[in-house]
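Novice: Listed below are the residues making up each chain.
Protein chains: 4
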Amino acid sequence: MKIIKDSVHDHIQVDGVARALLDTPAVQRLRHISQLGTVSLVYPSANHTRFEHSLGVYHLACEALERLGIEGRQAHRVHAAALLHDVGHGPFSHNLESLTYRRTGRYHDDVDDLLADGAVGDVLREHDLDPAAVAGLVAGEGRFGQLVSGELDVDRMDYLVRDAHHTGVPYGTIDHGRLVRELTFADGELVLDEGNVQTAESLLVARALMNPTVYSHSVARISKAMLRRATERLLEASEPDIDAATLQRMDDHDLIAALRSCAATSEFSRRLDQRDLFKRAVWAEMNDVPGGIIESDHGMIREFEREISDRAGVDPARVILDVPSRPSMTESTTRVMVNGEIRQLGQQSPLVEALRAAQFSQWRLGVYSPRELRDRVGRAAVDVLGLDIDGALVSEVRNGMDATLDQFVE
Amino acid sequence: MKIIKDSVHDHIQVDGVARALLDTPAVQRLRHISQLGTVSLVYPSANHTRFEHSLGVYHLACEALERLGIEGRQAHRVHAAALLHDVGHGPFSHNLESLTYRRTGRYHDDVDDLLADGAVGDVLREHDLDPAAVAGLVAGEGRFGQLVSGELDVDRMDYLVRDAHHTGVPYGTIDHGRLVRELTFADGELVLDEGNVQTAESLLVARALMNPTVYSHSVARISKAMLRRATERLLEASEPDIDAATLQRMDDHDLIAALRSCAATSEFSRRLDQRDLFKRAVWAEMNDVPGGIIESDHGMIREFEREISDRAGVDPARVILDVPSRPSMTESTTRVMVNGEIRQLGQQSPLVEALRAAQFSQWRLGVYSPRELRDRVGRAAVDVLGLDIDGALVSEVRNGMDATLDQFVE
Amino acid sequence: MKIIKDSVHDHIQVDGVARALLDTPAVQRLRHISQLGTVSLVYPSANHTRFEHSLGVYHLACEALERLGIEGRQAHRVHAAALLHDVGHGPFSHNLESLTYRRTGRYHDDVDDLLADGAVGDVLREHDLDPAAVAGLVAGEGRFGQLVSGELDVDRMDYLVRDAHHTGVPYGTIDHGRLVRELTFADGELVLDEGNVQTAESLLVARALMNPTVYSHSVARISKAMLRRATERLLEASEPDIDAATLQRMDDHDLIAALRSCAATSEFSRRLDQRDLFKRAVWAEMNDVPGGIIESDHGMIREFEREISDRAGVDPARVILDVPSRPSMTESTTRVMVNGEIRQLGQQSPLVEALRAAQFSQWRLGVYSPRELRDRVGRAAVDVLGLDIDGALVSEVRNGMDATLDQFVE
Amino acid sequence: MKIIKDSVHDHIQVDGVARALLDTPAVQRLRHISQLGTVSLVYPSANHTRFEHSLGVYHLACEALERLGIEGRQAHRVHAAALLHDVGHGPFSHNLESLTYRRTGRYHDDVDDLLADGAVGDVLREHDLDPAAVAGLVAGEGRFGQLVSGELDVDRMDYLVRDAHHTGVPYGTIDHGRLVRELTFADGELVLDEGNVQTAESLLVARALMNPTVYSHSVARISKAMLRRATERLLEASEPDIDAATLQRMDDHDLIAALRSCAATSEFSRRLDQRDLFKRAVWAEMNDVPGGIIESDHGMIREFEREISDRAGVDPARVILDVPSRPSMTESTTRVMVNGEIRQLGQQSPLVEALRAAQFSQWRLGVYSPRELRDRVGRAAVDVLGLDIDGALVSEVRNGMDATLDQFVE
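Chains as they are written, first to last, in our numbering: chain A, 222 to 631; chain B, 222 to 631; chain C, 222 to 631; chain D, 222 to 631.
Source of the hints: derived by calculation from the structure; they are not laboratory data.
Some clues are possibly wrong.
Just so you know, same-sequence chains aren't split out, so a pair can sit in one copy or run between any two.
Here are the simulated lysine-lysine pairs, DSS-like style, with alpha carbons at most 27 Å apart [as the list claims (entries may be wrong)]: (1) Lys500 to Lys445; (2) Lys223 to Lys445; (3) Lys223 to Lys500.
Since we're looking at a predicted model, the values are computed, not measured.
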């Protein structure tokens with residue numbers, strides 16, 4: 222048994238299969254993957270890693286299982302899945318996931334191979350656990366998969382509180398103790414017990430407030446887009462030495478070092494290192510963006526970028542078009558017991574619809590460029606994309622407002 | 222200058238007129254008025270007082286004024302109003318306010334006399350401040366009154382954080398530092414500066430989540446209703462020795478002692494002291510309550526209670542009907558700058574409408590009685606009030622659910 | 222089972238005998254006994270009660286027993302003792318303990334009668350527990366008594382953290398999680414396991430820093446002395462209606478109301494209510510106090526006071542002599558495993574001796590009087606007690622320093 | 222003006238010269254230097270960086286200067302020094318400082334060149350500040366240098382609280398608000414004002430408790446020694462490409478990448494990455510170590526290591542001898558006002574001597590090796606160094622105790 226001191230959950234006790242997994246390279250590697258990637262360029266204290274988060278998820282899973290009365294092999298499988306649920310992450314966690322997915326067809330929770338091979342596979346089998354079953358839990362499959370990856374999973378409970386602790390933004394401070402205590406199974410589904418509509422809403426609201434303030438803060442988005450672009454160039458310049466699969470197994474240090482030493486990416490790398498970031502040339506609400514653009518695939522976006530840089534007469538490397546996908550709200554299907562029957566939160570709470578609407582109103586298409594080109598690039602982007610010019614352009618004319626928007630960023 | 226250590230804001234520096242007001246009996250009295258009244262019967266750590274809250278409000282007012290660049294007499298007036306804003310409270314703060322209002326016609330923020338008389342009046346005049354002007358600020362009048370009592374007042378910012386700290390319920394943990402920093406004046410109105418729709422929403426959400434979980438928790442409501450009923454009986458039994466005006470100037474100790482020693486109230490008092498509370502016989506949603514009942518005035522409610530006790534064949538002192546007023550949401554008029562214009566939060570944010578709807582869905586009419594009479598009283602109340610019996614009754618049949626509802630209470 | 226939300230330990234789960242004891246009048250009464258008495262006149266947020274502290278002690282006891290592998294009847298006895306350990310406290314906890322002890326011969330942990338009688342006795346017997354055995358644990362007897370009342374008891378662990386939380390003074394923030402985890406039994410003694418000299422020292426240091434900053438802050442001492450004096454006068458004026466045994470069963474509200482309504486104490490009561498406190502006329506280090514004075518019993522102290530007031534020509538009610546007893550340091554016998562053998566902390570750690578010396582250097586004899594009499598009373602006291610005048614006198618000449626000393630008080 | 226959200230101090234406002242310095246590469250580089258180096262191998266949440274710490278130090282310096290009434294150029298110089306005080310750090314902060322000092326003759330606070338050159342020099346001169354004067358403050362020179370680097374500096378106040386927040390170990394939670402408020406100048410010296418012996422002691426105690434628990438935890442020491450050894454080998458293998466000056470300007474990513482890719486260090490690097498650390502073969506108290514060994518210079522230590530490995534018959538790369546220098550306690554000269562005169566804390570407080578003694582009793586000489594060689598290496602080291610064998614050897618025989626010692630490590 223090992224006791225680990227954690228800044229969020231205080232003491233975490235690690236036993237059994239989790240104790241053995243802790244010492245595997247795959248888990249230790251998570252010490253070098255930052256939890257929030259470029260968010261630390263906005264909130265400088267946000268340097269926590271996937272390692273401590275994984276410990277936290279394991280800890281909450283243990284508590285939940287104890288409440289649910291689950292023991293033995295079934296519990297051990299969930300323990301393993303909780304500790305391993307993020308081993309599939311590449312450097313900078315979600316920041317580069319769209320890029321690696323495009324090239325490998327795999328998301329971070331597709332971990333069948335990673336759990337079957339090497340030290341992790343050995344440990345699991347020594348503890349009589351089937352790697353494929355554990356990988357299934359990580360992917361959210363089955364009755365207990367909901368606890369690891371679902372609307373009410375312990376992953377979310379840990380990251381909201383942890384991200385609040387490390388950014389200093391209090392919105393994520395949910396009552397995770399209550400959430401874990403009130404979980405129960407009804408008809409094979411993980412639900413919150415009677416009297417917890419409020420509790421479910423609080424989880425929803427925490428994410429809805431953390432999202433624009435932390436996860437999708439404009440500066441975090443800009444730097445993420447720059448990192449993604451730099452990494453694409455790195456792959457183009459370095460293949461086959463560095464391909465997407467190699468990238469996926471790197472950690473933050475590897476990628477940063479690679480970006481610094483590759484001629485094609487050193488300028489992006491310098492900008493990220495020195496926080497000399499691109500600025501918003503365009504920042505457009507959904508209403509100001511013509512239909513279809515939001516559905517653009519990667520190829521179309523690169524094509525738009527080329528057109529914009531052509532029209533603006535600037536180097537294509539100086540223009541980034543950032544089109545977030547249509548907002549979704551998985552929490553709407555969170556199940557809560559109300560007067561003895563299972564209800565979906567979306568049926569029960571008017572907040573779900575409101576928060577969905579809020580997400581749509583917060584959605585922004587961004588076009589980024591170096592500060593000195595912002596004006597030219599902005600006008601070109603408005604033309605090429607057919608945006609509403611009044612709503613979209615972040616020009617010098619509107620510097621005043623922009624300064625204000627920038628005030629709460631580091 | 223005095224430095225006071227506070228568990229919420231750490232060090233509070235008290236200067237000038239505030240320093241002199243601190244030593245007045247009217248302000249020191251607030252040490253003996255609990256902030257949340259009977260909520261401590263649900264959350265046992267919630268024993269904080271109006272005194273420390275008043276210091277916190279003063280502290281945030283100082284910070285806000287500094288940010289707004291307000292100095293001199295204007296600032297001192299606000300300092301005084303912030304520290305004095307709660308001196309009009311009677312014992313148990315809001316718990317008995319409807320009762321004293323009915324008999325005196327005054328709410329707690331009607332403090333003209335209190336500020337003009339005695340030591341407080343002397344201190345204000347010595348510092349060249351007009352008591353009437355300070356009382357005006359407490360009542361929310363004028364440009365700076367909004368800071369003391371309005372949608373964006375520092376009162377709310379302090380109590381949400383403080384109540385969260387003392388109850389242990391994290392929902393009230395707003396980012397008060399940011400709120401105070403982002404206040405500005407536009408067209409004479411106190412507004413949140415550009416880029417703060419989110420910030421305004423977070424204030425709204427905090428209150429919306431604290432409300433059912435803390436302020437209107439069913440056990441807090443039951444005990445408040447019992448306290449109110451006991452105090453009414455005390456007045457009836459003790460007038461003219463104790464009348465509403467006397468009551469209003471008591472503190473918690475005075476009232477508790479009076480209730481204990483008065484024969485007419487000693488049973489209520491024993492129940493409150495020993496937390497041997499009435500239970501819900503009826504707990505009805507708005508839809509299950511016939512039109513008109515929600516508008517009942519005090520006389521009608523007493524009349525309903527008599528009818529219910531008659532029909533149930535129990536002592537009228539054993540039945541309490543508790544009809545909250547129709548929910549309102551003052552925060553909907555919070556003003557936020559959006560793209561250079563002042564907007565009301567209700568126009569801008571879909572959350573406002575959703576939270577309003579949530580308030581309506583959380584509204585409950587309650588009928589309370591001793592546990593052993595719950596069944597008889599509940600059936601009688603359903604008949605007398607014409608409630609929908611399936612939705613309203615909290616009978617033995619539904620004990621299971623009720624137990625669950627009670628689980629998270631102390 | 223009941224879940225109670227606590228501002229310090231978050232969720233406290235109350236089961237079995239503790240659940241039944243919770244609803245007894247003796248335990249509910251603790252809601253009305255403040256934990257720190259007059260300390261709230263220095264730290265205004267310190268309004269926590271013996272009730273929430275008792276829940277916290279119960280919670281830590283459960284955790285410790287679980288770690289120690291103790292179950293069944295033995296554990297239930299400790300659960301009961303933990304929850305009941307403070308039911309013997311009178312109003313304002315320790316503030317009046319010397320007074321009631323003098324008249325009743327009982328300290329607050331002498332609870333044989335209280336546990337045998339009434340609802341508490343009934344509950345214990347219903348759960349097959351012997352009230353006398355539980356009272357023995359409260360008095361620190363036997364193997365498990367050490368856990369409830371000893372050098373390593375959970376009482377201390379809870380109050381240090383709780384008092385830190387509520388005063389805002391961080392010095393008490395010990396690592397109670399680690400302390401509870403590292404407890405073990407060796408040769409029938411409760412010890413801290415190998416590798417925890419540091420952990421034991423931290424507990425010692427926390428108390429050593431909290432002591433002068435919080436528990437023995439000069440303003441807390443002055444107001445406590447005033448309260449004690451007022452209560453003595455109340456007993457003298459009201460016996461046999463209010464005798465020491467009656468007093469002991471009062472709560473804070475009862476005593477405050479009694480002091481307010483008794484002519485002989487109303488002036489003290491007004492001063493305490495309005496924080497119009499006596500000031501230090503003398504504040505003398507141990508070296509400046511002639512031998513023997515520190516050993517004075519109550520009669521001698523009253524005699525000194527009369528002599529001082531005579532010599533100063535002031536009303537005897539205006540002079541209070543406050544002579545703390547010689548410091549002790551029970552933690553020095555805390556047992557810690559070092560290289561496989563049990564050692565006393567005092568043998569192992571040089572800190573123990575240093576903190577004992579610090580306690581002696583912080584010891585102060587105080588003479589208190591109304592501010593305007595401070596000079597006359599101070600000089601008279603110096604003469605009567607034979608103090609070193611330069612060290613002891615807090616005269617107008619030294620007002621500057623005194624003001625500084627007062628700065629960090631509310 | 223920029224507002225930065227910090228997890229420790231909440232909002233930090235950055236103005237003037239600090240605002241301009243923030244964007245320089247030298248300051249942004251600190252984002253990539255971990256504050257506590259290998260301590261994160263013990264406390265996994267301790268991933269904070271020199272960047273956020275520097276902001277915190279700047280913040281506290283601003284508060285202290287405001288209290289001291291210092292404005293204008295003088296203040297700006299201190300602001301700049303506070304933000305820049307750590308730009309001289311190499312990768313992993315103090316972990317490698319002895320190594321780089323040996324080769325460059327410079328400690329991290331020797332920053333004359335760094336402040337005179339490049340963007341930092343430009344910014345300072347643009348703001349009319351002399352880089353040499355700012356560098357002098359960083360080195361602790363002059364009246365205000367004490368605030369940046371001295372017994373009462375804001376550096377220490379920030380790091381204690383910050384390290385406590387991120388490790389979860391509460392011992393560092395000092396009352397920095399009070400410390401900053403109570404600073405004053407007397408006879409040109411920075412002192413704590415009257416009534417703050419306790420406050421000074423609390424700072425001392427915090428460091429004394431954090432030291433063995435965090436900064437010198439055995440696992441942190443082992444991993445630091447491994448990192449140092451690896452880096453030495455890197456320099457030996459890579460010079461002149463990577464020399465000590467180059468190393469000093471690297472950040473954590475650069476060094477980690479270099480260690481991974483260099484054949485001579487890849488095994489150490491793998492061990493550090495996977496936390497497959499050396500174990501203690503010897504762990505000897507000062508009394509068990511012959512005179513003179515503690516004074517050994519680097520050459521002598523390497524010679525001892527060679528002798529030990531020879532005698533044990535193992536590869537010299539498998540033996541590390543770690544001899545900490547003799548403990549010192551700079552805080553003993555902290556100045557505090559007592560009764561109107563400046564006293565050194567060491568004269569006033571018995572704690573200083575006790576903590577000094579505690580440091581000596583906690584001192585340990587370590588010999589580290591791979592687990593499987595521990596026994597052979599331990600016996601060889603006892604012989605070569607002439608240690609007392611009973612006290613020093615951490616052999617298999619004593620595994621039980623060792624396991625316990627290891628329990629609280631991650």
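Novice: Each hint: holds or not?
Specialist: Going through the hints against the structure:
| no. | hint | in the structure |
| --- | --- | --- |
| 1 | Lys500 to Lys445 | within (13 Å within a copy, 40 Å between copies) |
| 2 | Lys223 to Lys445 | between (36 Å within a copy, 22 Å between copies) |
| 3 | Lys223 to Lys500 | between (47 Å within a copy, 16 Å between copies) |
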